[in-house]
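There are 2 protein chains.
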Amino acid sequence: MEYTINFKLDGGKDLMAPALAGETLLEAAKKVNLAIDAPCSGNGTCGKCRVKLLAGEAASEESRHIAPEEYAEGHRLACSTRVTAPATVYVPATALAYQSRMKVTDLEGARERAVFTSLQEELRVMGLFGDTGLSLVEARLAEPALDDAMADSERLVRALGETAGVAGAIQTSRYALGKLPKVLRESGFAVQCLVRNDKETSLILDVFPLGAAPKLTGLAIDIGTTSVSILLVNLETGDPIVGGNAGNGQIRYGADVISRIIESVRPGGLERLRRGIIDECIRPLVTELCRNAGIAGEQIYRVAVAANTTMTHLFLGVWAEHIRLEPYVPAFFAVENLRGQDLGIPAHPDAAVVVAPGIGSYVGGDITAGAFSSMIFKKDSLSLLVDLGTNGELVFGNAEFLMACACSAGPAFEGGDISCGMRATDGAVEACAIDTDTMEPRLSVIGGAGQKPAGLCGSGLIDIIGELFRCGIINAKGKYSREGKRVQRDEWGIGRYVIAFADETEQGRDLALTETDLDSFIRAKGAIFSAIKTMLTMLDFPMEAIENVYVSGGIGSGINITQAIAIGMFPNLGLEQYHYIGNSSLSGAYAMLTSQKAAEAVAGIGKSMTYLELSSHPSYMDEFVAACFLPHTDASLFAPRA
Amino acid sequence: MEYTINFKLDGGKDLMAPALAGETLLEAAKKVNLAIDAPCSGNGTCGKCRVKLLAGEAASEESRHIAPEEYAEGHRLACSTRVTAPATVYVPATALAYQSRMKVTDLEGARERAVFTSLQEELRVMGLFGDTGLSLVEARLAEPALDDAMADSERLVRALGETAGVAGAIQTSRYALGKLPKVLRESGFAVQCLVRNDKETSLILDVFPLGAAPKLTGLAIDIGTTSVSILLVNLETGDPIVGGNAGNGQIRYGADVISRIIESVRPGGLERLRRGIIDECIRPLVTELCRNAGIAGEQIYRVAVAANTTMTHLFLGVWAEHIRLEPYVPAFFAVENLRGQDLGIPAHPDAAVVVAPGIGSYVGGDITAGAFSSMIFKKDSLSLLVDLGTNGELVFGNAEFLMACACSAGPAFEGGDISCGMRATDGAVEACAIDTDTMEPRLSVIGGAGQKPAGLCGSGLIDIIGELFRCGIINAKGKYSREGKRVQRDEWGIGRYVIAFADETEQGRDLALTETDLDSFIRAKGAIFSAIKTMLTMLDFPMEAIENVYVSGGIGSGINITQAIAIGMFPNLGLEQYHYIGNSSLSGAYAMLTSQKAAEAVAGIGKSMTYLELSSHPSYMDEFVAACFLPHTDASLFAPRA
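Protein chains in written order, with our numbering: chain A, 1 to 642; chain B, 1 to 642.
It is worth saying that the hints were derived from the structure and are not from the lab. Certain hints may be false.
Heads up, the list lumps identical chains together, so a pair's fine if it works in one copy or across two of them.
What the hints assert, rightly or not - Distance condition first, Cα-Cα at most 27 Å in a straight line; then the derived DSS-like pairs of lysine-lysine:
(1) 452 x 52
(2) 452 x 485
(3) 182 x 215
(4) 199 x 607
(5) 607 x 179
(6) 52 x 378
(7) 378 x 477
(8) 182 x 607
(9) 597 x 199
(10) 479 x 103
(11) 215 x 179
(12) 452 x 103
(13) 103 x 477
(14) 52 x 31
(15) 8 x 378
(16) 607 x 378
(17) 378 x 179
(18) 452 x 8
(19) 8 x 52
Use the sequences and the hints to build the structure in full.
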């Protein structure tokens, strides 16, 4: 039997989906291209696909995410509710927020720009800044006449050949050809050309009247499994103009790369995943950035991309199946011959495209870019880079060697498998302090004044767990061990701590951290610590050999390192040895965008970095199990430092 | 007032067009993307837009193309009929035939292939054949393992680096990357790669299992103002597989390049013209060729294009306005950096694209390609190339020098401004003999047995006018001077010769050649002869200096040279000095497709050929006027040869 499900979206829009009896509401929604959040791939664990049955009937499985009184009011998980009859279903904004919320920030003069300004300084000192391979060259042409009827393009090339700074064979791009006749005549044959200098050839990308002040821009793109961050950069000054981020549109196919790969090998899947990241995420975001900066897409003349191996494959439409099958071999590490029009996003068709190289199936271009932007590849001292994304990746080494590994931390730090987790956008609790006596929390929430809390992002999660542990509200196993009005237990006896009561939250229901969430988180933090320990042990270094730790990832405004050490996530080193460097993948892409030498350095890192496959390392499992306590089964590792 | 015009198409389709009072039916039809033939741009002269008013009313101007009894039956010219009320209008197939008829010919073993087989022989002798810049290289890869987890692309490049024949840096195209993982594993890591060798880099375009027999194909494209001809060629053997031609979809904007340029500079015009040639002509034709040959578009790895200067601009979407404005300067002569995906037609995204260079606004790549394929650029003897297309172009010279000019012959040879003219497709009269006494004609018609005549193509036109002149039916001024059942005069006294009566023709109405048509033709042939004479005089050569004449153009199966000389179109040389070489532009594109050296030779011709601007030459007008007689005012030029 086929029924019609009327999805009523927050904001008033109605979508009519035909659904077969037995299909889930999540599946029915997909048919009309309504992507309800389901970072757990629809297996009922994340609780993010909560909708409300307004009319009609449907068969629901019980869920720990829906309290009995909520069930009575019509609340359901879309993934666990099957169609049995026609129904009307309300889809709240929260059920769409994880994936799609787009945020654009004007960076000219903004606080968010500081990280790039200081990186710019550092790169400048190293001679790795400003060589974009693009130059703006003036040319004054003899006007054509009946006895000098040379074509415009050849006339321009002749004039440029007489100018210093343009070497080798000069060619004109089709885009520049298209507008050349008009620009020459509007400018009285005095123009400036944007030239892309390749090894043997100089390609005229664009042409403007002399005296015009064209905006020459480029894109630095970080494609994360959960979030995408993009900078639109002024290529003449190297300054970011506007930045944006949005949820990766692929998230409807699961929070982690494995779910994405599985979906991608289904019929039509590769194209669906490419659409998810390009049509539904990067293209609209770049379009918005362009609108904001007042430029046309064709004024994007260079693009730098950093992403993990799976994301790079899916972004380029490359078959990714073998990334997840032993012996875990990707289709490529590096790709070199791309131009703007290969990408399917707004850009000049002949824009140069640089992609950070991966070194293994689970250590991708985001990590080589991060090893660059953290500068650990240039330092004599031994450094550790910890990149906290949907996965966790580590790089250890110095100017002489670099070793990297990946640990399956899961999507905890980006909120994926935490019931109240969310990305670090408006409404996310990013920091928290708990009063030891009263157990009352004080929250810091991302967003404008009056923003109510809606969930926890990575940094908020670390903070709150650190506080719960410090206050003795939870024990070393992550179980609630004190009683009070904020500590509650459900009918199955699973404890939870209410961070904010229903009347204080965005959704109007309690925001709480359950023991199931704690368990997910402890496994995630255990994965990271045990990976660090395994890698150093293997290289025969004690933990104390680490001189500096660079923590990166888009998990909030930063991490409370004291808490992260206290719960056994990071090694017990001095606070002054820790540096939070934000999104090191985006910073690396930014460096590659603004400098060809930087891009070459990242390529060099890709070639020299050693990949350690943790899963095949005999002691890793033992280390992991030992780390799944607060702070650790070996308490001496976290004893107060002298 | 707005009215609805119901266009009933031959074949049964109905189109409802909203039309303002005063608009012509031609304009109303364009609004619903119905392109009624109008090679004269809708000024009432060509008579090709004949439709029939079935119901309703409309205001019509009188036309010599519609007889009074036809008018009474509802026949109208769409361009000269204005909307005054709702109406129902029948559009016969003939009103759509000039532009869109597509014809595909299987060339494997066909007669039409002979011209390419003999060209192939000639090119092979000259060492200008078979170097496509593509090679199929075998590679056997070590299978990946946990301790050798190099990515597929890098693994392939490593294996190729150990193979002879692949030089320089090796890169993998995005297309090949996309399928590489599957092909490697399906083939047991034994593959063959299609590699494009550029100056410094080798790019892997595609990858196939070892032992597979992939079809490697390329396209040779000739874009004429009226017709487009395309060959799909097997790049391994160099043999054409299938050929096709179709009307240039831009023809609704006028028969000549000037009308097209004028339309292209109107708002949105450039895009409309690009759609006309790509979306409505080349893409469907190539799709049909691919279907016919059983290949996917991505198996087209190299594309060669030859076209006149305006067509090349409009094909690439380049602003063409200045081609027609003094001093007649195109945007470019040569364009070098194109890849398949720049074209918007089926092809591998990284296919190499070569475009024959132009040398002036009215001597384009079709002529440099023709100067190559006619081989006049290699000969010691003095040759003349006469290319009869919508325009007429000439090249004179030998291995030491080449000079080219264009003459405004108008579209007569492709049927454009001849009332009964048509392209050389089914139904076209391509040859004719007239009995001197009875004045009865014997026609040879293109098409299968029983094909009724529908019009005259260029070769038929020359033949019939030659016969009319020989039989004394017309005089030296192109006026009818005998009487009989086939010679008739209309109410204005304009004479016509009935080639076929209504009951013998495709359309069911008389097929006749009017004195207006004769006038158009005599101007066209006069333009050609006077151009030849002016160019030779300027170079101080007598006509007799021409040792060989190569006649090209897609105007039928060939030209009756005796007739062409008798009417004063071609110089009075020996018949054995004349060679009809078919479509020399397509042959040139074919050579450029099958050989990089040939493409370089065409580029060399573009650089060395001199362009003569006839219109600025003082004696040209006098020569032209003198040539507008049959055969010429100076009869001694066409006196019987000793």
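Here is how each hint holds up against the structure:
1. 452 x 52: Result: close within a single copy only, 22 Å intra versus 72 Å inter.
2. 452 x 485: within (21 Å within a copy, 97 Å between copies)
3. 182 x 215: within (19 Å within a copy, 43 Å between copies)
4. 199 x 607: both (21 Å within a copy, 25 Å between copies)
5. 607 x 179: between (41 Å within a copy, 24 Å between copies)
6. 52 x 378: neither (54 Å within a copy, 82 Å between copies)
7. 378 x 477: neither (40 Å within a copy, 89 Å between copies)
8. 182 x 607: between (46 Å within a copy, 25 Å between copies)
9. 597 x 199: Intra 14 Å, inter 23 Å, cutoff 27 Å: intra and inter.
10. 479 x 103: Answer is neither: 36 Å inside a copy and 78 Å across each miss the 27 Å cutoff.
11. 215 x 179: This pair counts as within: shortest intra-copy Cα distance 17 Å, inter-copy 38 Å.
12. 452 x 103: within (18 Å within a copy, 68 Å between copies)
13. 103 x 477: Neither. Shortest intra-copy (38 Å) and inter-copy (78 Å) distances fail the 27 Å Cα cut-off.
14. 52 x 31: within (19 Å within a copy, 48 Å between copies)
15. 8 x 378: neither (55 Å within a copy, 75 Å between copies)
16. 607 x 378: within (15 Å within a copy, 52 Å between copies)
17. 378 x 179: Close neither inside one copy (45 Å) nor across copies (37 Å); limit 27 Å.
18. 452 x 8: within (24 Å within a copy, 64 Å between copies)
19. 8 x 52: Classified as within; 10 Å inside a copy, 53 Å across copies.
Comparing the model with each numbered hint stated earlier shows that hints 6, 7, 10, 13, 15, 17 do not hold.
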